[in-house]
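S.K.: Sequence:
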Amino acid sequence: MEALAPVWSFFVAHAYAVIFVATVIDATGIPFPGRLLLIAAGAYAATGGVDVSTVIVLGTLGASVGDHTWYVAGRLAGDRLISWICRLTFSTERCFDNAKLYYRKFGPLAIVVGRFVAGVRIFSSPLAARCGIGYPRFLAFDLLGALLWSGLWVLLGYAVGDRWPAIAERLGGVQA
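Taken in order, the sequence shown gives residues 30 to 205; the numbers are from my numbering.
These are computed hints drawn from the structure, not numbers from a lab. A virtual CB, placed ideally from N, CA and C, is assigned to each residue, including glycine. Just so you know, not all the hints are guaranteed correct.
[As the list claims (entries may be wrong)] What follows is a set of in silico ranges between Cβ atoms, one per label pair, in the way DEER data are often shown:
#: 1; residue 1: LYS129; residue 2: LEU173; range: 19 to 27 angstroms
#: 2; residue 1: HIS97; residue 2: ARG199; range: 34 to 42 angstroms
#: 3; residue 1: PHE135; residue 2: GLY107; range: 17 to 25 angstroms
#: 4; residue 1: ASP126; residue 2: ALA34; range: 44 to 52 angstroms
#: 5; residue 1: ASP126; residue 2: LEU65; range: 43 to 51 angstroms
#: 6; residue 1: ALA195; residue 2: VAL36; range: 16 to 24 angstroms
#: 7; residue 1: SER38; residue 2: ALA188; range: 32 to 40 angstroms
#: 8; residue 1: TYR45; residue 2: LYS134; range: 34 to 42 angstroms
#: 9; residue 1: VAL36; residue 2: LEU177; range: 21 to 29 angstroms
Construct all of the structure, not just a fragment, from the sequences and the given hints.
M.R.: As structure tokens, this is what we get:
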């Protein structure tokens with residue numbers, strides 16, 4: 030589609046910066062196509078346009094920066110922040126209690142799982158702070174989750190490679 034040509038040109042010219050910034054934004058909970066950009070970056074890496082390892086590392090670091098923002102916010106604002114998130118997501122009155130129970134049941138693994146579930150992702154970092162997970166432990170589990178998340182999407186794009194226009198056409202999607 031010709032309308033996407035300038036967007037693709039910008040992506041190609043600034044791929045590494047776009048990947049990092051996109052994953053930071055995606056980690057904040059703002060609706061943003063971070064996963065799709067990682068898939069596109071993986072497909073672009075398959076053609077030799079960017080280094081696949083660098084893309085995975087930048088995606089991991091960007092996601093982790095966003096998560097750490099939520100962790101610090103959880104330390105500073107605590108229960109008020111989590112209650113606010115519950116109201117923002119139109120959840121029930123028991124949202125906060127349910128989130129704490131879930132986190133206490135799964136512990137730091139909720140950080141890894143939360144990376145893959147948008148609704149959980151917003152809660153996992155501030156809950157880690159509120160449930161007494163120290164920063165070094167949070168850092169380890171967060172980096173693991175961010176690495177798995179980034180690696181999955183980038184490698185999926187890499188596997189699709191230059192076949193993505195044909196796949197998008199078969200699925201009825203937009204093609205470049």
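S.K.: If a hint holds in the structure, say so; if it does not, say that too.
M.R.: Verification of the supplied hints:
1. LYS129 x LEU173: 19 to 27 angstroms: 22 angstroms, holds
2. HIS97 x ARG199: 34 to 42 angstroms: 39 angstroms, holds
3. PHE135 x GLY107: 17 to 25 angstroms: Check passed, 20 angstroms falls within 17 to 25 angstroms.
4. ASP126 x ALA34: 44 to 52 angstroms: 50 angstroms, holds
5. ASP126 x LEU65: 43 to 51 angstroms: 34 angstroms, violated
6. ALA195 x VAL36: 16 to 24 angstroms: 20 angstroms Cβ-Cβ, so the 16 to 24 angstroms window holds.
7. SER38 x ALA188: 32 to 40 angstroms: About 25 angstroms separates the Cβ atoms of SER38 and ALA188, which means 32 to 40 angstroms is violated.
8. TYR45 x LYS134: 34 to 42 angstroms: 38 angstroms, holds
9. VAL36 x LEU177: 21 to 29 angstroms: 28 angstroms Cβ-Cβ, so the 21 to 29 angstroms window holds.
Violated hints for the displayed structure, listed by number in ascending order: 5, 7.
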